[in-house]
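J.: Protein chains in written order, with the numbering used here: chain A, 1 to 402; chain B, 1 to 320.
Just so you know, these hints were derived from the structure itself, not from any lab.
We put the beta carbon where it would ideally sit given N, CA and C, even for glycine.
Treat the hints with caution; some may be incorrect.
Said to hold, decoys possible - Short derived list, chain A residues pointing at chain B, Cβ under 10 angstroms:
1. Ala17
2. Ile19
3. Arg147
4. Ala149
5. Val213
6. Val218
7. Asn329
8. Arg332
To be verified - Derived lysine-lysine pairs resembling DSS-like cross-links, with alpha carbons at most 27 angstroms apart:
9. B:Lys278 - A:Lys209
10. A:Lys206 - B:Lys139
11. B:Lys146 - A:Lys206
12. B:Lys278 - A:Lys206
13. B:Lys139 - B:Lys118
14. A:Lys209 - B:Lys139
These are the residues of each chain, in order.
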Amino acid sequence: MSLLRSAFVIARRDFTATIFSRAFFFFLLGPLFPVLMMVIFGSIGGAAVSEIERPVVAVVASDADFQALAEARRRLDEAVDPPAMITLRHVPPEPDSAAQRARLLAAQSPPVIAVLEGGIDRPRATGALLPDGTTVRQLRFLIEDARRAQTAPPIAEANVLLTRTQRSPGLLAPARAMTARMGQMVLFLLSLLLSGMLLSQLIDEKANKIIEVLAAAVPIDAIFLGKLSAMLAMSLLGLAVWTSLGAAAIAVMTGQSLSALPSPAVGWPAFLTLAVVYFMMSYLLLGSVFLGIGGQASTAREVQTLSMPVTMAQVVVFAIAASAVGAPNSARALAAVVFPLSSPFVMIARAAELPQIWPHLLAIAWQSLWVALILHFASRVFRRIVLKSGPSRPFWRRAAKA
Amino acid sequence: MLRMAQHEPMTEDPAVEAVDLVKDFGETRALDGISLAVPAGSIYGLLGPNGAGKTTALRVMLGIIDPSSGTRRVLGREQPLDAAWEVGYLPEERGLYSGMTAREAIAFMGALRGLALKEGRRRADELLAAHGLGEWARKPIRNLSKGMAQTVQLLGTIVHRPRLLVLDEPFAGLDAINQARLEELIRGRARDGVTVIFSTHVIAHAERLCERIAIIAGGKIAFEGAVDEARDRLRPIVRLRTRSAEGPWRSAIPANARRERGEWVFELPPGGPEPLLKALIDGGAGIETLAIERPGLHDAFVAIAGDAAAAAMGDLGEPG
Numbered sequence: 001m002s003l004l005r006s007a008f009v010i011a012r013r014d015f016t017a018t019i020f021s022r023a024f025f026f027f028l029l030g031p032l033f034p035v036l037m038m039v040i041f042g043s044i045g046g047a048a049v050s051e052i053e054r055p056v057v058a059v060v061a062s063d064a065d066f067q068a069l070a071e072a073r074r075r076l077d078e079a080v081d082p083p084a085m086i087t088l089r090h091v092p093p094e095p096d097s098a099a100q101r102a103r104l105l106a107a108q109s110p111p112v113i114a115v116l117e118g119g120i121d122r123p124r125a126t127g128a129l130l131p132d133g134t135t136v137r138q139l140r141f142l143i144e145d146a147r148r149a150q151t152a153p154p155i156a157e158a159n160v161l162l163t164r165t166q167r168s169p170g171l172l173a174p175a176r177a178m179t180a181r182m183g184q185m186v187l188f189l190l191s192l193l194l195s196g197m198l199l200s201q202l203i204d205e206k207a208n209k210i211i212e213v214l215a216a217a218v219p220i221d222a223i224f225l226g227k228l229s230a231m232l233a234m235s236l237l238g239l240a241v242w243t244s245l246g247a248a249a250i251a252v253m254t255g256q257s258l259s260a261l262p263s264p265a266v267g268w269p270a271f272l273t274l275a276v277v278y279f280m281m282s283y284l285l286l287g288s289v290f291l292g293i294g295g296q297a298s299t300a301r302e303v304q305t306l307s308m309p310v311t312m313a314q315v316v317v318f319a320i321a322a323s324a325v326g327a328p329n330s331a332r333a334l335a336a337v338v339f340p341l342s343s344p345f346v347m348i349a350r351a352a353e354l355p356q357i358w359p360h361l362l363a364i365a366w367q368s369l370w371v372a373l374i375l376h377f378a379s380r381v382f383r384r385i386v387l388k389s390g391p392s393r394p395f396w397r398r399a400a401k402a
Numbered sequence: 001m002l003r004m005a006q007h008e009p010m011t012e013d014p015a016v017e018a019v020d021l022v023k024d025f026g027e028t029r030a031l032d033g034i035s036l037a038v039p040a041g042s043i044y045g046l047l048g049p050n051g052a053g054k055t056t057a058l059r060v061m062l063g064i065i066d067p068s069s070g071t072r073r074v075l076g077r078e079q080p081l082d083a084a085w086e087v088g089y090l091p092e093e094r095g096l097y098s099g100m101t102a103r104e105a106i107a108f109m110g111a112l113r114g115l116a117l118k119e120g121r122r123r124a125d126e127l128l129a130a131h132g133l134g135e136w137a138r139k140p141i142r143n144l145s146k147g148m149a150q151t152v153q154l155l156g157t158i159v160h161r162p163r164l165l166v167l168d169e170p171f172a173g174l175d176a177i178n179q180a181r182l183e184e185l186i187r188g189r190a191r192d193g194v195t196v197i198f199s200t201h202v203i204a205h206a207e208r209l210c211e212r213i214a215i216i217a218g219g220k221i222a223f224e225g226a227v228d229e230a231r232d233r234l235r236p237i238v239r240l241r242t243r244s245a246e247g248p249w250r251s252a253i254p255a256n257a258r259r260e261r262g263e264w265v266f267e268l269p270p271g272g273p274e275p276l277l278k279a280l281i282d283g284g285a286g287i288e289t290l291a292i293e294r295p296g297l298h299d300a301f302v303a304i305a306g307d308a309a310a311a312a313m314g315d316l317g318e319p320g
């Protein structure tokens with residue numbers, strides 16, 4: 001019998017045994033608590049706006065003019081350090097100013113909210129700005145301060161000639177960052193919810209001595225894969241129920257559908273598809289680790305003892321992933337993508353912030369490889385430690401004895 | 001990771017072969033160079049006191065655990081799990097999912113060995129009815145008595161009609177009636193050509209059922225061969241009752257002859273019965289009764305495995 005078929009037999013048993021149990025009802029109620037946490041954490045996370053998420057204004061100006069503006073910004077930053085202060089990015093002027101402006105406004109990394117031209121003498125801003133919005137007002141203030149530093153008083157009031165566009169990437173960035181955070185938070189809370197269940201997955205088999213029957217019939221890899229698949233199927237079922245109820249609740253309470261929310265960079269259909277895929281990948285990655293760790297426990301008490309360090313480890317992984325929001329191409333974000341356990345969390349955030357699809361295909365392949373590796377390693381450890389299989393002495397000691 | 005079932009023709013003999021199996025648990029050597037061959041279609045007993053290494057030997061041979069060194073083949077396969085769909089295994093520590101119904105538990109065990117779930121349920125109903133548990137088919141295992149649950153597990157072991165049946169201490173915990181039923185089931189399977197291997201510390205079961213045995217003591221094979229071969233290692237036993245207590249005839253019986261309930265008990269001397277009879281008659285023994293008995297498997301076990309192992313078997317043994 002193939003490994004996949006063996007895994008299917010195990011998964012089918014676990015799945016039916018779980019969903020037809022009374023405990024499954026409580027499982028479906030489980031997200032009520034995380035939703036409350038999400039509301040709390042969401043508000044805290046929203047306050048922690050990073051430097052990279054501040055609106056970026058591309059300043060097409062001479063070095064002298066930009067230095068004057070940058071100095072003015074520094075002085076203001078030292079005085080108040082407001083979290084939503086604009087960030088200035090110097091861009092040397094090009095001959096075709098119209099083409100340069102269009103290119104800058106279309107840029108995704110960093111996403112630009114407006115382009116400032118004309119130096120500090122004749123400033124012109126182009127972007128999706130309100131004439132009396134905070135960005136325009138900050139620009140006016142900086143220009144006046146820059147002029148004040150260059151000339152003796154009295155100084156002229158700064159009039160920024162504004163050309164409004166429909167939308168600019170910089171305007172979407174904070175909304176997308178919020179979507180990224182929400183995506184990460186949902187993935188994190190779901191994996192937190194399920195990890196305890198995974199830790200105790202083999203307790204039943206060990207307590208009832210069924211593990212011997214299973215191990216004699218199918219490879220341990222198949223047992224692990226089957227258990228993981230059953231839990232995944234169960235959680236996807238739960239997810240479908242929760243999502244349907246959540247969407248209905250939003251529609252009833254706000255009268256709006258999902259499409260009314262700020263669109264993630266890859267668009268809602270792709271984002272939701274990737275969210276499900278990354279949920280599966282994060283579940284499989286963390287699940288295979290937890291299953292391996294939980295497999296070493298023999299009693300519910302041991303599982304409880306293991307729960308604390310496992311939960312803390314999850315929080316660390318989440319923190320790594322959360323730090324990458326707003327800077328999807330930074331070295332920190334790329335390192336978090338390469339580290340398999342944080343990879344799905346970072347990639348879902350990336351899907352909210354950047355439109356390219358190919359990195360997701362690459363990441364999914366990379367994560368799948370790690371699922372197989374971790375699962376195989378966990379089953380080997382289980383065979384070695386729990387079933388006491390294989391050579392018990394290191395090979396060098398056996399060789400020395402021989 | 002993909003492990004496909006192999007369907008090439010099986011070698012007929014032996015069904016299970018182990019060569020120099022060694023298994024260490026830390027510093028403890030549980031198996032110390034076990035070699036045996038179980039002929040296809042035979043009933044094979046693994047005898048030894050508790051802790052001798054019987055269960056470890058079975059687990060290694062079935063691929064549940066890997067040996068520290070040595071090789072094994074099951075139904076011609078180097079990897080025992082490749083033959084899993086043709087093997088039935090009843091572990092010493094019985095276990096079932098307590099929430100499953102009896103028929104689902106049997107069908108699940110069949111499914112683990114490649115039997116379709118629907119067919120497994122059909123066969124489960126048949127088997128449960130045939131073993132007097134028809135009305136319990138749809139009851140959860142937790143509602144069954146220990147004996148019933150044990151029977152359900154045994155039926156789960158045979159539901160996929162394996163060619164090799166491995167039973168670890170199958171008689172443990174069964175009452176006399178169920179022990180007799182199990183013996184009959186084992187004989188029935190063997191008549192159908194199934195190879196049956198079972199471990200036991202009760203010699204009487206092995207004596208009644210087995211064609212071949214292996215005696216394990218201290219992780220080593222002390223004997224491996226036919227039951228008759230084991231018995232033939234001992235000389236026949238003479239039980240003699242005489243009218244005369246003393247006389248020249250006493251020189252005809254061995255010096256180590258012992259008295260048991262008014263009888264002399266000793267091994268038949270190498271010359272055989274005729275010289276013994278002549279010496280007794282000529283020596284004026286006045287023979288009341290004289291019986292020459294073939295030694296039982298228990299005596300053979302004592303001679304092979306030693307008194308300590310025999311004592312352990314005796315302490316733990318059940319009346320056969």
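J.: Determine which of the earlier numbered hints do not hold for this structure and return their numbers in increasing order.
T.: 2, 3, 4, 7, 8, 9 and 12
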